[in-house]
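Novice: Chains A and B supply the protein sequences, listed in that same order. Per this note's numbering, the first sequence starts with residue 1083, numbered consecutively. Per this note's numbering, the second sequence starts with residue 6, numbered consecutively.
Just so you know, these hints were derived from the structure itself, not from any lab. Among the hints, a few may not be true.
[To be verified] Pairs of lysine-lysine, BS3-like flavour, derived with a Cα cap of 30 Å:
id, chain 1, residue 1, chain 2, residue 2
1, A, K1106, A, K1134
2, B, K171, A, K1244
3, B, K192, B, K107
4, B, K78, B, K314
5, B, K74, B, K107
6, B, K192, B, K131
7, B, K131, B, K107
8, B, K171, B, K192
9, B, K220, B, K131
10, B, K107, A, K1106
11, B, K192, A, K1244
12, A, K1106, B, K74
[Unchecked claim] Not close to chain B: a few residues of chain A, all C-beta gaps over 12 Å, as computed:
id, residue
13, R1099
14, K1106
15, Y1113
16, R1117
17, A1129
18, K1134
19, F1146
20, S1218
21, A1240
22, T1270
In this text, a Cβ means the ideal position worked out from N, Cα and C, and glycines have one as well.
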Amino acid sequence: MAFYAPPIARLLEELERLPGIGPKSAQRLAYHILRGDTEAAARLADAIVEVKRAIRFCERCFNFAESELCEMCADPTRDATTMCVVEEPRDVVAVERTGEFRGTYHVLQGAISPIDGIGPEQLRVRELIDRLGRESVSEVILATDPDIEGETTALYIARLVKPLGIRVTRIASGLPVGGDLEYADEVTLGRALEARREM
Amino acid sequence: MRITHLELTDFRSYASLSVEPEGALTVFVGPNAAGKTNIIESLEMITTGRSFRNPRWSEVVRWGASEAKISMKAEGANSAAGVELLIHGSGSRMWRSSGSVKRRTLDATRFVPAVIFTPDDLTIVKGPAERRRSTLDLLGDQLSVTYGALRREYARVVRQRNAALKDGADRQLLDPWTEQLVVLGSKLYAHRRRLARRIMQAAVGVYGSLSGGEKLEMNMWGRCGIGERSLGTDIPAGEIVESMRAELERRHSEEIARGISLVGPHRDDIVFTIEGHDARTFASQGQQRTIALAWKWAEVAVVREVVGKAPILLLDDVMSELDSTRRAALTELMQQDIQTFITTTNTGYFDPALLRSALIIPVGSGE
Ligand SMILES: [Zn+2]
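Take the sequences, apply the hints, and build the full model.
Specialist: Given below as structure tokens:
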């Protein structure tokens, strides 16, 4: 459909690749960019390129980081004996916001989901086990999402970690069923952390 | 609750339609394919969030329109509700109730319970097991948020576990899915069993009086490792869990070989017997229809009992499928202070006294 000049069509195509952006939203965004001034467009393009250049994964916990280690891993005052395992970097932000946790993190970068072809090999599970062998962790808190995939991932990891003689706990449910950790409010997530149960 | 207003915009065949039911009965009369069923479907959607036709959502948007809208106003003794459902051509939906957007369907569909009866329901006895399970589950969804959540989560576990089995997952990877299957499956089994018991208790009496004293029995046959056990007896939660675990162990290699989950409530079935004979093989067409009618009657009773209010009754062209005795029984049910919406090709099927107080809306083929 040649309704658009090729440069606009190309922008629309890229925007529509983004999650949650359908043809209509893409069109709205593209028109907004076209109507704005050149500097605003350059700032947006720069920010996108810069974030890809400057941000990588933390070599220890696989959170987003600006250097080899993320902010949390580089902080020597954090308690290295307690580790909180989450699905995504955004979940680190959610847990940090509660102010209830001072340990370290491990970001799996997803959850086990056979229908999407995601098994433990596609996640940072091996790296987690390696870390537990290297570091002196006494408690692993499983804070994967309270949905089916998050719950199953927690079960899977618990069965790997417990034989290592490390205490494994799971954040309390009471979070919205089928929900994302990210959308739990601070109070709820804070309570869920406090009331964690043994696995 | 009574629906006082229904409005359709670009829904299926209707560019716009507005209905203001007055009394207890609203009859839509018109020839076949005039779009009468679309109205019943819209009422089911706006009250329960689903459609018995199981369409893709995009299908219900009128050809050439960008979105469809169903809106409803309802009033009860001391409550009122306004619900609106927007369905976009892309299939995305938005619920609004009392002016605010509702993120979850269940927050917008708690106001008016509905019991729907279509010609498809007449196959409840001999149709596939899936038909009986889903009839029960859709009632469960309306009665309890927990039931609905359990059913959806369990279905997801089965899909995931089947994918894992097909991938040839090892025991270590399969076990967490199996654990979820047992935990959620045993709960779903218990809930479903309790619901089936309620239906049975109400349906048996109705069937008896409609059939001149024949004895109907209902039972649940499952693949949870629990043998034949009368619906009347309670099974402790722990026993369901243990039976499922044992059955899963027993059929493990078969599951691996076939690559699907063979144990669990997704394979439950409801079985009817009349005077001790399996209704699937022995029931006449008349007896099957009486069972379907008794089941719907029981649904109404169970909704009243659990929710504490009468459901609305949606009848899509069932009068023509029933003989005069069963029509009279259905008419009696409608007169139990239940708001009823019914489609028909011919008002001759109805008791004239009933029609006098009814709102009759002709539906033409030009819609
Ligand atoms: Zn880190």
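Novice: For which of the previously enumerated hints does the structure constitute a violation, in increasing order of number?
Specialist: 7, 14 and 21
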